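Construct the entire structure; sequences and hints are all you get.
Anchor point for the sequence shown: position 519 equals 1774 in my numbering, and the numbering is continuous, going up by one each time.
Source of the hints: derived by calculation from the structure; they are not laboratory data. Any given hint could turn out to be false.
Listed next, the in silico EDC-like pairs over lysine to aspartate or glutamate satisfying Cα-Cα at most 20 Å (straight line) [said to hold, decoys possible]:
1. Lys1649 x Asp1731
2. Lys1649 x Glu1770
3. Lys1852 x Glu1863
4. Lys1580 x Asp1840
5. Lys1647 x Glu1727
6. Lys1580 x Glu1334
7. Lys1647 x Asp1774
8. Lys1580 x Glu1843
9. Lys1580 x Glu1479
10. Lys1647 x Glu1863
This one's a predicted model, so the numbers in the text were calculated from it and none came from an experiment.
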Amino acid sequence: MAESLAFEFAPAIAVLPFVSFLVALFAGKYLPKKGAVAGMVATGGSLLFSLWALFAVHTGGAYQHTLYTWVGGEMVGFELTFGILLDQLSTLMLVIVSTIAFLVHMFSLGYMNDDGQTGLPRYYAELGLFTASMLGFVFADNLLMAFMFFELVGLCSYLLIGFWFREAGPPSAAKKAFLVTRFGDYFFLIGVVAIFATFGTSMFGGPGVENSFAHIAEQVLNGEASVNTFGFAPQTWFTILGLLVLGGVMGKSAQFPFHTWLPDAMEGPTPVSALIHAATMVAAGVYLVARMYGFYALSPTALAIIALVGGFTALFAATMGVVKKEIKQVLAYSTISQYGYIMLALGGGGYVAGVFHLTTHAFFKALLFLGAGSVIIAMHHNENMWDMGGLKEKMPVTYYAFLSGSLALAGIVPFSGFWSKDEVLYETLVHGLGGSPILLAAYAMGIIAVFFTGFYTFRMVLLTFHGEPRSETAEDPEPVRWNVKVPLGILGVLAAVVGVINLVPVHAVVSAVPEILHDWLYYGPEGLNGEHYHELITNAEFAGYSAGELFGLGEVGTLFASAGISLTVALAGSAVALVLYRGPDPVEHTDKLGSLKTVLFNNYYQDEYQVWLAEGLTVRAARVADRFDQGVIDGAVNFVSDLSLFSGDRLRRLQTGIVTNYAALLTLGLTLLLVAFGVMQGWFA
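Pasting the structure below:
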């Protein structure tokens, strides 16, 4: 009874934040906190309903319910529906999103309201719609519905990044984010249409769903069904479909080469940055890969590409983070890098590892951004770390919470990031050793990125909190209130302990210690009508991978060797930062990199390259299209128009307005008709 009630109330998870959007939009200016309280109540309610749904599926069940059918019937041959899918994956993500959204709303009271910002009703309205859109995306039961909420998430990010629209930077950053992610979304939309055309459905699955597109694809590859693959071999066509959807994933999750929008998105309010990076827009892409993992696992080629993109992005972004001066810029590049790790896990056959790192990253990255926001409040909105220093004693709550998140980000044991990142690298390593050079290359990039992550993380901590104050503001920082400290405290604890949900190395030694997340995700797919899902959770053989060993150490030996390598490299990177930046008056040692620092600081000139590409290719293509449009398309239309005008002008001359002329013409016409008729009848023969 309780389970069915939880499912019945599930739509409220997204409806409540949408109501807060309406309240803030239409009545926010009349409310004491301009809509903040409505947002907190709504997201708090969403969190409670999400937890209820989480407990309702804990026994391995799943729930799917169609809310509305807007196209369907025998005449059409297919259905387009809005529905809800609640299983272990979606309920876990609902809890993550609603938790962070609630804390972000609370933090916004200190960051936005107490600072006297204008436009607060608009801010809380957009924040409510943003949260509702992400929650709707998470529990969508089909790909088309997911795409629609996916686009709403993008729209809300555009609005929030450009919140301070009267300044020069935010509107430009918002447009950049919107356009770059739209480019990836074009591929996503084509993929959605192609999946519909191929399978006749875009359903993810669930109880009562006869066939999901992943299940149909599996049957096709097993020779149990057939679909239209438009001239391609089924395996090849399914790979193409997966890569089309992957275009949207790479755009939203800021994977190379679609990563350039995310650092500029720091122009938005810091609480927005926390929500975007930890639990909404950037998380949406990798969540979609996890949601479609049963389909992606049918294509080893698609998985290999996902892993390679993830590994390269993790390293590529980490190298840029080591030279940044602004605290939010460092965190921005760390976000790109960490989502690269999640992609690496999913592509490397580590479904559980990918979901695990998505979970831990959500908490420690939200913590780091909100911690940065606390520092920015104290520094009167100065984000330059070289103007900080000495804040440890003046902001102890912020410092220790930020340190917890930093240790998790760097992957230092026993903080949460160590357990999840270690599992990501382990899964990639063993499947690479099983015969995949691509995965070994991706693993190598991931390990190198661990060093840079440790370095830039503790460079950030030391420059911000340690040493002597390097500005007047740092000597006397603005105090922060409870509504800033409470979210930091909660997230600080979560960043430290949430790793216990999947202690794989500990379980390998002490079997009594459960792998909670592994067991949790194992039961979910039973209701999703895909025979191979359990194989994906227990091993990656279905995806074409096999597990290998490192130097003949065996499974457990390889596990601990992988963990040891990861931890050693992380400690090495952190130690280098401690040696270089520990003093009371640190020096910018990265200046010794010379021109390499210039390249890194300018993000490998990716922005310039994309502008050049747009001007050199897109603009030229637009000019050619314009000439074709004006010369051929418009030319044909204008020719018909000119011919009609010319003919009309000539015929108009026959209309003189003189009656005798008309009589003469009628007589002439009648005479010609009679002559023609006579010739035809032989009168003149």
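20 Å limit on alpha-carbon distance, applied to hinted pair lysine 1580 and glutamate 1334: With Cα atoms ~52 Å apart, lysine 1580 and glutamate 1334 exceed 20 Å; violated.
Does the alpha-carbon distance linking lysine 1852 and glutamate 1863 stay inside the 20 Å limit? holds, 17 Å
Check whether the Cα positions of lysine 1580 and glutamate 1479 lie no farther apart than 20 Å. Not OK: lysine 1580 and glutamate 1479 at ~58 Å, beyond 20 Å, violated.
Sort out whether glutamate 1863 lies within 20 Å of lysine 1647, counting only the CA atoms. Violated, at about 39 Å.
Proposed proximity, aspartate 1774 with lysine 1647 (alpha carbon, max 20 Å): violated, 40 Å
Restraint check for lysine 1647 with glutamate 1727, where alpha carbons must lie at most 20 Å apart: Roughly 16 Å between the alpha carbons, so the hint for lysine 1647 and glutamate 1727 holds.
Could you grab the alpha-carbon distance between lysine 1580 and aspartate 1840 and see if it respects the 20 Å cut-off? holds, 16 Å
Just to be careful, I want the Cα atoms of lysine 1649 and aspartate 1731 compared with a cutoff of 20 Å; is the pair within it? holds, 8 Å
Next pair to validate is lysine 1649 with glutamate 1770; report whether the Cα-Cα distance is within 20 Å. Cα-Cα ~40 Å, so violated.
CA of lysine 1580 to CA of glutamate 1843, is that 20 Å or under? holds, 10 Å
Of the numbered hints stated above, those contradicted by the structure are hints 2, 6, 7, 9 and 10, listed in ascending order.
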